[in-house]
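Those protein sequences? They're chains V and E, same order as listed. Residues 4 to 367 (my numbering) make up the first sequence, in order. Residues 4 to 367 (my numbering) make up the second sequence, in order.
No lab work stands behind these hints: they were computed from the structure. Incorrect hints may have been included.
If chains are identical, the list can't say which one is meant, so a pair holds when it fits in one copy or spans any two.
[What the hints assert, rightly or not] In silico lysine to any residue, SDA-like type, Cα no more than 25 Å apart, as pairs:
1. Lys267 / Thr358
2. Lys176 / Ala85
3. Lys314 / His208
4. Lys115 / Thr143
5. Lys72 / Glu139
6. Lys314 / His209
7. Lys279 / Gln89
8. Lys176 / Ser264
9. Lys314 / Asp146
10. Lys314 / Ser5
11. Lys115 / Thr358
Number of protein chains: 2
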Amino acid sequence: MSRRIRRTPYTDCVEAAGVRGFSVVNHMLLPKAYQASIEEDYWHLREHVQIWDVSCQRQVQIEGPDAYKLVQWMTPRDISSAKVGQCLYVPIIDEDAGLINDPVLLVLAENKFWLSIADSDVLLYAKGLALGAGLEVSVTEPDVSPLAVQGPRAEALLGELFGQHIRDIGFFKFGWIEFAGTRQLIARSGYSKQGGFEIYLNGGHHGADLWNAIWQAGEAHNMTPGCPNLIERIEAGLLSYGNEMTRENNPLEIGLDEYCSLDKPVECIGHDALLKISRAGIDRQIRGVLFDGDPCPACSIPWPVTVDGEKVGQITSAIFSPRLKRNIGLSLIDRAYWETDQSVTVYSNDGQLRTGEVTALPFA
Amino acid sequence: MSRRIRRTPYTDCVEAAGVRGFSVVNHMLLPKAYQASIEEDYWHLREHVQIWDVSCQRQVQIEGPDAYKLVQWMTPRDISSAKVGQCLYVPIIDEDAGLINDPVLLVLAENKFWLSIADSDVLLYAKGLALGAGLEVSVTEPDVSPLAVQGPRAEALLGELFGQHIRDIGFFKFGWIEFAGTRQLIARSGYSKQGGFEIYLNGGHHGADLWNAIWQAGEAHNMTPGCPNLIERIEAGLLSYGNEMTRENNPLEIGLDEYCSLDKPVECIGHDALLKISRAGIDRQIRGVLFDGDPCPACSIPWPVTVDGEKVGQITSAIFSPRLKRNIGLSLIDRAYWETDQSVTVYSNDGQLRTGEVTALPFA
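Here chain V stands alone, though its shape is the one from the complex:
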């Protein structure tokens, strides 16, 4: 533990709640496990409500006369009709349409945006672009640390605590709550498919108070401390930057077509490269793979997926699904083999050969 790997406004609370380990995202601690097993957590998340310290989803604040121009420059998604109060999932690409990040864009004002980022220093990319092109814009990391409340009972819990008006916030929209005399942004979003909200706490010194207020109110809702759950994430087909996608991948092969403006031109760095890829057709695309055998180990290096001894893809995240009672993985699969029910062999890194088949995402 050193200062370089930053604690969050909630880390003291997270430790008091019995965290068993951390990962590192954006130079910051992300809780990885508490007392419950990942499977217990999975069932709990589907039925109840959890509180997650996701401060590592840092905000890159882009503000100023050229803010809109800079954001559009980084993403192939058309943001021209985005409205204040909206959250937009926006792939960020380079000149070759390689993925730099896949943040959520929050439209705070006409000329003020937050990019709520996955694990790469988007701030440095945005700063470089702005300085290089002489844009009139400031690029900063504000003192904003998201706290997620996820699960089917999140709405009831947060409605009681912060007012029933939060029930009117639509999916991937944000509104505001009062807390400790401050106005705080709350979005209906989160890194699960079980429903819930993220509070973008502005002012880290309120961290413990916010956590404790939710914690106390959560008692009546069987709330537990949690974190992004790998079983739920993979079942839901939620992708992870650094796992399913890197700069080596373009948005189309990762299945992000709907977040790319392919018909209408946009002033985006990699747009020409992306159109070229689109016209040529992609050679591989993300799919699910269901496969047999004992619960598989953690996928820390990509696992080859083969057909007749030939490599046709690689699994980048995998786990045993207690609900589907099979192993599930996310994999790029070559075009000739990407149809549902294609039989494949998976080489998990425990030396086992496992039979399986390709399937659509999300998993059923």
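Starting from the structure of chain V, add chain E where the hints point.
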């Protein structure tokens, strides 16, 4: 463990050698401890030789007609007289002279450079600048993974293994060795003050072979597996990006004056801001602090340093030195209090108040 936190070409070997934990730097594993205690490792490093997996020192390769221009644009150090074969410590700054990183620059050719980086995505900054300004340059991360051999017996060991010509390589210069039919870059450098080399292995598939060759040759030299040692690093006054410096700091307050061209103008983004800071005079600067009490805990959040109850600085890295038999820390200290022997109080995060005094770096 997930693919997002990348294993290195040496991780299998590191695990076989009994690694006890990892840190994460540049989205990659850095071994943190082996079987020996940090104090045992410290004494060993000072007397013998160690092999360190420092693959996380990723290379940002900048190549093309505008490569020199781009590198100079990022650093306030005058690189106009840098020669092929040189390593230069170059602060990288933004428009406000805030530190983005503090890499080592390797001059590979007139128009080809590597930045061997600390923990931030310099590649994205360089890419952004190049795209924004329309520079003719490619910015990539090559398959290059440094392996360090550190300690007073490093030269003897590597001379035997790769040829005595490596003895002629000067400090912060690089040369070449043959390995497995390939030509590999070797520099006299490393993140310790005990002497040694770093082999910038090009081609990760040679990783295990290189590790094993050095491992075997090291037996006769009492070699152990190691990693940057916190006691040695702090004693030597070696700074760490993310700990002693962030974007909030300028190079002058971090004591990097000699790496900043203050008399001769250079075409660097933050040069005007830096000159302004230089003319106004800095308000604080990095110092050592020697302080009393039991061996201090790990410094995971900055510790206030006070004089007469007033905060005059903050310690960002600290440990007990078994050689000096006192706790040692690195701290920014306000101008009025930065003279050697100034008495201070240190608030370590175990609730203790410790008396101490300011001292010059490196520690005696």
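Comparing the hints with the structure gives:
{"no.": "1", "hint": "Lys267 / Thr358", "in the structure": "neither (43 Å within a copy, 66 Å between copies)"}
{"no.": "2", "hint": "Lys176 / Ala85", "in the structure": "within (11 Å within a copy, 53 Å between copies)"}
{"no.": "3", "hint": "Lys314 / His208", "in the structure": "between (51 Å within a copy, 19 Å between copies)"}
{"no.": "4", "hint": "Lys115 / Thr143", "in the structure": "within (11 Å within a copy, 31 Å between copies)"}
{"no.": "5", "hint": "Lys72 / Glu139", "in the structure": "both (10 Å within a copy, 23 Å between copies)"}
{"no.": "6", "hint": "Lys314 / His209", "in the structure": "between (51 Å within a copy, 22 Å between copies)"}
{"no.": "7", "hint": "Lys279 / Gln89", "in the structure": "neither (30 Å within a copy, 41 Å between copies)"}
{"no.": "8", "hint": "Lys176 / Ser264", "in the structure": "within (21 Å within a copy, 49 Å between copies)"}
{"no.": "9", "hint": "Lys314 / Asp146", "in the structure": "between (46 Å within a copy, 22 Å between copies)"}
{"no.": "10", "hint": "Lys314 / Ser5", "in the structure": "between (41 Å within a copy, 21 Å between copies)"}
{"no.": "11", "hint": "Lys115 / Thr358", "in the structure": "neither (50 Å within a copy, 47 Å between copies)"}
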